[in-house]
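Trainee: Protein sequence lines, in the order shown, are assigned to chains A and B.
Under this note's numbering, the first residue of the first sequence carries the number 1, and numbering increases by one thereafter.
Under this note's numbering, the first residue of the second sequence carries the number 829, and numbering increases by one thereafter.
Keep in mind that the hints are not guaranteed to be accurate.
Here are the computed lysine to any residue pairs in the SDA-like style, where the Cα-Cα straight-line distance is at most 25 Å [to be verified]:
id	chain 1	residue 1	chain 2	residue 2
1	A	K242	B	L1130
2	B	K960	B	W919
3	A	K242	B	T1134
4	B	K1327	A	E614
5	A	K268	A	E278
Simulated from the structure, these hints should not be mistaken for lab results.
Each chain is listed here by its residues.
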Amino acid sequence: MEVLKEKVEEEEAAEREEAAEWPERMEKTRPAEVQKEETIMSQEMLRDLERKLSEIKVPIPAEPPAVIEDTIDISNLPPSYKTNTPKEQHLLQVADNFSRQYSHLCPDRVPLFLHPLNECEVPKFVSTTIRPTLMPYPDLYNWDGCANFVSDFLTRVPLPDPLKLPSHLYSSTTVLKQQKGNCFDFSTLLCSMLLGAGYDAYCVSGYGSQALCNMDLTREVCPLTVKPKETVKKKEKAQPKKYTIKPPRDLTSRFEHEQEIKKQEEAKAQEEKRRWEEEERLQEAEKEKPDPLHGLRVHCWVLVLSGKREVPESFFIDPFTGRSYSTQDDHFLGIESLWNHRNYWINMQDCWNCCKDLVFDLGDPVRWEYMLLGTDKPQLSLDEEEDEGLNDDDDIEDLDKETEDKSFDMPSSWVEQIEISPEGTKILEIKEWYQNREDTLELKHINNSTGLHTDYFRPGHPQALRVHSYKSMQPENDRVMEFYETARVDGLIKREETPRTMTEYYQGRPDFLSYRHINFGPRVKKLTLTSSESNPRPVVKITERFSRNPEKPADEDVAERVFLITEERIQLRYHCRDDHITASKREFLQRSEVDSKGNKIIMTPDMCISFEVEPMEHTKKLLYQYETMMHLKNEEKLSKHQAWESEQEVLEILKLREEEEEAHTLNISIYDTKRNEKSKEYREAMERVMHEEHLRQVEAQLDYLAPFLAQLPPGEKLTRIQAVHLRDECLSDFKQRLIDKANLIQARFEKENQELQKKQQWYQENQVTLTPEEEDQYLSYCSQAMFRIRILEQRLNRHKELAPLKYLALEEKLYKDPRLAEFLKVLQ
Amino acid sequence: MNRIYNSVEPRVMDDDMLKLAVGEQGPQEEAGQLAKQEGILFKDVLSLQLDFQNILRIDNLWQFENLKKLQLDNNIIERIEGLENLTQLVWLDLSFNNIKVIEGLDTLVNLEDLSLFNNRISKIESLDALVKLQVLSLGNNQIDNMVNIIYLRQFKCLRTLSLSGNPITQAEDYKIFICAYLPDLVYLDFRRIDDHMKYLAETKYQYTIDELKHQEHVRQTKLEEKQAQQAKLEEHKMAFVEHLNGSFLFDSMYTEDMEGNKLSCLPIVGELLEPLTYRDKFVIICLNIFEYGLKQHEKRKLELDTFHECVQEAIQENQEQGKLQIASFEEKHLLNLSAIREESDLPSIEKKIVECSENITELFNVLMTLEMQLVEQLEETINMFERNITDMVGLFIENVQSLYPFCNDLENHHHEKLLEISISTLEKIIKGELDEELPDDVRTLFVDKDTIVNAVGASHDIHLLKIDNREDELVTRINSWCTHLVDKIHKDEIMRNRKRVKEINQYIDHMQSELDNLECGDMD
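Starting from the given sequences, assemble the full structure and let the hints guide the process.
Mentor: The following block contains the structure:
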C-alpha cells in the first residue's frame, strides 16, 4: 500500500515537473486542473511531499544540458580549462569529502553545488570559477553598473531543469563570448566583477520565486510609468489689478451644466466600478496561480555583504535583472549554500520564512558551515551561541576537525582573465578641442549617429563664422552656419541650408531685414556643359521679412514680401498697426501684355490687388502702384543677386574651411617668444645691438694713459712735471702712431704702384706674344690693382684729414682727464 | 542785379502754369503716360521748379501741401508770401529775386535749406520758426550790420552760411567775427572753416563771447525756472488747490478790501493781524487744504493710471486673440483658394467656395464675438471706474468743504474782534482819548458808529465772498473735470469699438469680394 501511494505521488510529481517546464502551455490548456490541484494541496502538504520526494532517489535522466548543444570551441581554450592541477585535484577530493559528510549529516537536504563540469567537461570547484576582476571602465566600478552590464549583456538561458542544480558551470570568459548563460553563469560573472571592484560579494545557490527564476517582471511596476514627482510649480500670480477686466460671462445654463456634471459623474462612477471590477478580476487572475513549485525552483544570485565599499546594509542582486533586493525580499525563498573565490559556506539555518530570518554572519559556524579553514572571515563573534553550537551537533564538529586538519588554501582561479573589450561598441560622439588655431576653430563636435559635424569658432574668423554644422562639405546640402553678427557688415546671424532652400537671419540692419528665405528650383540643364558655379540654381521664391521701422507708419512699412519669381507675382504684407488686428496686403502681378490696339499695357488696376486697413487716396492711383511695382522689380533683382551672393559666400567659406583644415596653421601669441619668428628676429637684433653697444662702451673706456702710468712707480701721487711729461709722452706716442700709420699706408700705396708699373712694363714688352688668356689675366690684375691703389689713396687722404683732428681730440681728452686735469689746468 | 526787370512782362502764377510745370517735372516715360492718364494732384507733388518764369508774386501754391522742395529762383518776386501752407517744405530757393525783407516764413518749421542769394535784403530777421535750418545762403545782399550775425546764434543746426557779396564782408575781421559768434558753423562762403581760423576767432573774441554766453545762460536758466514754476502751478491746478500753499488767498482777500486795509492801520488791528494770529491760522488751514488736495490728486492719478493700464492690457489681449484668429484663418483660406484654383470639377468648386464663404462668416462671427465680449467687459470696468472716481471726487469735495468753514469761523471771529476794536476806538476818538495819530482817510471812517460798522461789515463781506468763491471754484472745477474725464473715456471706448467693427467689416468684405472675384473668374 505504501509503495502504491508513493507511486501515485511519483506520477503526480512527474506531472508537475512536466507542467513546470511548460508553464505557459499548462496555463492555457489545463487551467482548471491546476486550480483543482491548488485547492487540494496546501503548503504543508507540499513541503511534506517535497521531503518524501527527496528521499526517493529518482535517477537523473542523462540528458545533455541545453548549453552543450551550442558548439563551444574548446580547442582554443588554455590548458587550465582542460585539466586540473594537483592542488585542484586535492581540492576536489576535499570537496567530495565535505559533500559526503554533509549528505551524511543532513540526509534530507539536496546535494551541494560544489564542482560542476566546465565547458571542457572537467569538474571544477565553484570558488575557483570565480575570477575577481576589476574592469578598466569607470562605469563598471559600482555594483549597479556591473549588475546592469551583466543583465544587459547576457541573455538568459533557463536552467535545463528548474528544480535541479545545473550540471555544468562555464567559465566567465566563455559566457561572455557566448553572451548567454543561466543564473549561475550570470552570478559567477557578476560576483567576479564585484569582488574585483572591492565588494564583499558572494554567489548564492538557493531557491527563488517563479518570477525571479523566469526573469518575469510583469508583476513589477514599470519604471517608465513611475512618474517623477511633479514639482509643484506655484506660479506667483500677479495680484489682479483693481480694474482687470472680468472674464467673459458664462452664458451656458447652470442647470444643464449641473446635469452634465451629474451625468459625467455617473459615467465616471460606472467606469470606475467597471475598472475596479476589472482590476479585481485581474488581480484575482494574477493571484490565482500560486506557483505549484514554490520554493523548489533553483536559482542563483549574488549577495553583497555590508562593510566593504561603504555598503551600509547587505543586499541581494538578481543577476538577470540587475536589480537589488533587500535580504528580506519575498522573492528569495531559501539559501542552500554560498561561496566566493576563497571559501564555500553551507547555510545551516532554517528557511521556513524565506530568507527573512537569516543572519549573514559567515563567521558563525553554527549558522554557516564553511568548507575551508583559514579564510579571512572572522570567527564567530557571538559567544552566547557557542555552547549551543557545540552541543548542537557533534558530527559537525567532526566535520570541522577534518577540514581543519587539511587546512588548505583555495587554489587560484582556473579561469582566464575576464576581459570585456569595447569591441562592437560604437563611438557616438567625438569632441575635439583646439587652441591657438589660426582659423579660430575651438571645438569640433562629430555626432556619429547622425553624421552631423559641428564646428565652433572663437571670434576672429575671417568670415566671422561662429558655428558651422554640416553633414558634408559639399555645397547645396544641409548645413547651418552661425556668425558673429557684429563682425559682419550685413548683420547676418545664421544661414540654414537644405538642398532646396536657404534661410538667412539678420539683425541690426538699417533696412530692418530680419529674415530671408530662398527656395531654389531644380537646376536647369544647359546644353553647354558648364560647371555648377556658372549655372546657378534658378530661384523660385524669395521671402523676406522685415522688423518694424518705427519711423514709417505701419501701413507703409512692409513686414513681409514674397517674390514668386516663376509666377511673376509679388506679395506684400505690411505691419499691423498698434491698435488694429488686420494688416494691409498688396499683391502685384507682373504681366507684359499687349492690349487690343497693340499698345503695351503699362499698368492696369487688376495688376495690383490690395487690401488696405485704412484706405488711402494716393495708393489707389495707378501711378503709385506702378512706381511701387517698379521699385519692387528692382528689389527683386537685388534680392536675387543677394541670393546668388549668399551662395557664392557659402562656396567661399567652404573653400576657405577646406584650405584651413589642410593648412593647420597656428596662431602664435606675441608673448610666445620661442615660437614667434618675428619677435625672435627682433629679439636677436636687439641682442646684437646690445652686444655692439657693450663693445663700444668697453672701447670707450680704454685708458689711453694706462701704458704710461704703468711706467711710473705705483701708488705715488702724480707731480705736475710728471703729469706734463705724461701728457707729452702720450701725445707724442699718438703722433708717432698716426705717422706710422700714414707711412704704412704710403708704403703700401707705393708698393702697389711699383708693382703695377712693373706689370705694365712687362705687358708692353710682351704684348705681342701674349695669349688671350694671359692678356685677360693681366687686365683683371690691372683693374684689381687700380682698385687697391684707389682705396689706399682714399685711405691716405682720409688719414691726412683726420689725423690732426684725432690728435686734437686726444689732447682735449687728456686735458679733461681727471688724473691730469688739475695739473694741466694750472699749466694753461 | 544784371537783369532788366521792366523789359519783360511779369507773369502770374496761375493754374495752367503750375500744371504745366508739374506735368513737365513729373514722372517720365511709362510712368508719365500713366500720370497723364490719371492726372496728378498738386498735393502729391513733392518737388516743384519754377525758375525763369518772371513771376512777380507767389500765389496759388496752397494746394501743394506735401511739397518738399520749391525752386522760385530767377524771378522778379518782391515779397515772400503765399507759402504758409507748405509746411513740409525742406528746401526753398528764392535766389535772384527782388526781395527786400525776410518775412512770411513763420510756418515753414521743417525748412533746412534756404537760399535768398542775390536779393536786396539788408537785415536778417523773421527766421525764428526755422529751427531745423542747416544751410542759409544770403550772398549778394545788402546786409551791412554785424549784429545780424548774433541773430543767427539761435540756429543750433546751422552749418553752412553764405554772406559773400554783402557790405558786411568789407569789415576787416568779418570772417573771424562770424567764426567766433557761430562756432558750430562748418562752411562759410563756400569754404570750410579751418581749425586755425576757429582758434584765432576764439582767442580774439573770447571775452565778448563769454559774456554773451553768460547772458544766454542766465536767460536760459530763468526760462527754465519759469517753466518749472509753471509746471508746478499746472500740477497744483490739476489738483484744484492752486495758490493755497501760502497766503495768497488771504492776501487776495485784502486786495479789494479798502476798508479792511484802512482798518488794519489801527494799531490794535495791526496786532490782530500779527503772526500767529489770524493770518497765520488762515494760512495753516489753506495749507491743510492744499496738502490734502495734492494727496487726493495723487490718488486719483494712480487710480486713473491703473484703469488705463488695465484697459490697455485687456485691449491688447483681445487684439492678440484677434490676430491669432485671423492668422489661422488666412492659412486655411489660402490653402482653400489654391485648391479651388486647381480644381476643375465645377460642382466641387462650388462646394469649396461655399465652404470658403462659410469660413469667412465664421471668422466674422468669431471676431465680432470677441469684440462684443471686450465691449461688455470694458463697459463694466469703465462703470466701476466711474463709480470710484466719482466717489473719490465726492469725498474730496466733502472734506474740503469741511475745512473751509474753519476759514469762515476764523473770519467771523476776526470780524467780531475787529468790530469790537473799531467801536472802542470810535468811543476813544469821540472821547478824544486816542493818543495816536490816525491817517486822514482812516479817521474819516470813525465819524459815527454806523459808518464804522458798515465799513467793517463790508470788509467782512468781501472776505467771506472771497473764501466762498474759492470754495465754489474748486468744487465746480473738480466736478467738471470728473465729468469730462468720464465722458472722454466713454467716447474713446465708443470710438475704439466703432473702429474695430469697421476694420472687421472691411476685412470680411475684402475676403468675400476676393472670393466672389474668384467665383466670377471661374464661371467665365
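Trainee: Taking the hints in turn, state whether each one holds.
Mentor: Hints and how they fare:
Taken as a hint, the K242 of chain A and L1130 of chain B pair is honoured in the structure, with Cα atoms around 11 Å apart against an allowance of 25 Å. Taking the CA atoms of K960 of chain B and W919 of chain B, the gap is about 11 Å. The hint holds against a cut of 25 Å. At roughly 7 Å between alpha-carbon atoms, K242 of chain A and T1134 of chain B fall within 25 Å of each other, so this suggested pair holds. Taking the CA atoms of K1327 of chain B and E614 of chain A, the gap is about 10 Å. The hint holds against a cut of 25 Å.
At roughly 15 Å between alpha-carbon atoms, K268 of chain A and E278 of chain A fall within 25 Å of each other, so this suggested pair holds.
Violation of the numbered hints given earlier is absent; every hint is satisfied by the structure.
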